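Colleague: Residue-level listing of the chains:
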Amino acid sequence: MDNMNANIVEQIPRLRRYARALTGDSHSADDLVQDTLERAWSKLYMWRRGSDLRAWMFSIMHNTFINHIRKNKIVTVSMDDDVLEIPTRATQEDDLHLRDLTAAISKLAYEYREVVLLIGLEQMSYEDVAKVLGIPMGTVMSRLSRGRGKLRSLMAGESAPVLRRVK
Amino acid sequence: MSKQSKQLSEEKLHAYVDGRLDAAHRAEVEAWLKQNPADAARVDDYRQQNVMLQALFNPVLNEPIPLQMHPQAHQRNYLQPMRYAAMVGGMVLSGILGWSLHSSVEQNSQQPVLAMVNRAALAHVVYTPEVLHPVEVTNEQEEQLTKWLSKRLGNNIRAPHLTAAGYELLGGRLLPGNQGPVAQFMYQDARGMRLTLYISSKMAGKGDASFRYAKEGKVGVFYWVDEDLGYALSGELAKPDLLNVANAVYQGLNQ
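Chains as they are written, first to last, in the working numbering: chain F, 1 to 167; chain Y, 1 to 255.
Bound conformation, chain F alone (with noise of 0.2 Å):
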């Protein structure tokens, strides 16, 4: 037991970076982790010996994710009701705001959202992420092209007014 608590306490510190950055405040990233922790625990019992610990804690996650999403304690755009098309423009601008980013991530719908930053901040392999969500490796792949994409699109969108005014 002692020895599973170090192994959870170990992954604390990316389960609360990767809430931070899903859902965009630190109050509701705790929160998330902190539900996270208590089903954990609680399931324990089911975790297998020897498999993955860091997948099986972010499978959780993601679980309790969507729940906190159905229960409105978290609100973001699901692809559902995405109708954020904004053309693509190609940008080369190394000095985006870090600020857009973060506003960026909150407008992209949470299912693109989650592969984007489970492979970009986590840097968790394809597989992983397709086990962790439950989704197939062609599904993971869709969702990070098109989240990528949208990403991109919207740090495009968001600088490219005050661009224009410099100019």
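Simulated from the structure, these hints should not be mistaken for laboratory data.
In this text, all values refer to a predicted model and were calculated from it rather than measured experimentally.
When the alpha-carbon atoms are kept at most 20 Å apart in a straight line, the in silico SDA-like pairs for lysine to any residue are as follows:
#1 F/131 x Y/20
#2 Y/218 x F/9
#3 Y/218 x F/45
#4 Y/34 x Y/47
Position chain Y against the provided structure of chain F, taking the given hints into account.
Modeller: Below, chain Y without anything else, positioned relative to chain F:
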């Protein structure tokens, strides 16, 4: 270079961004990108996204973990009934030795004490595994340590010597408690087994110096209140062994 595929698959492009291709496929993608500036721009942007995500959120990794996320805090929920059972049915030392049954009426006045026990057990599991920094001030500066802690707790704080019980003082640290600063002393025996003595001032209600016992996960805690100081001795020891040390602590403090 000459034989280029007509189309670069989207999957390969992302795998390239994420550095998941072997050398051969990487070369293939790079050749394609040279000819297709639009895709090259996308790759740059996607890479930049990853870099910015890391820059933006990696600092979260270094934030201290909130106390309530610690497993000890989770286990508390499950152990609550057990602890009450242990308290009501628990053996208590009244005076110094002499067992008597602990009255359940006392429970309400025990709330701050229970909170102290929780925090003591938590502090125990947090600091005892430390190899490099188990304590803030080592036993070599015992006098400064006790002087400092006495000043901060507003009380005369002493680290009892437990050599007779087989434990040497490693040192101590100052910690935030429920009602202000608290002190933690750490001891170690020849096998490396560590005990912590947690001392909290401003304990409400005059205690009768009777020992009580609680168990938090693997950690056993003997606790008592003497004058207005609350003490909690934590260790992963069998109850009778821990009780022996608790007696040694009590005697050491009252010499």
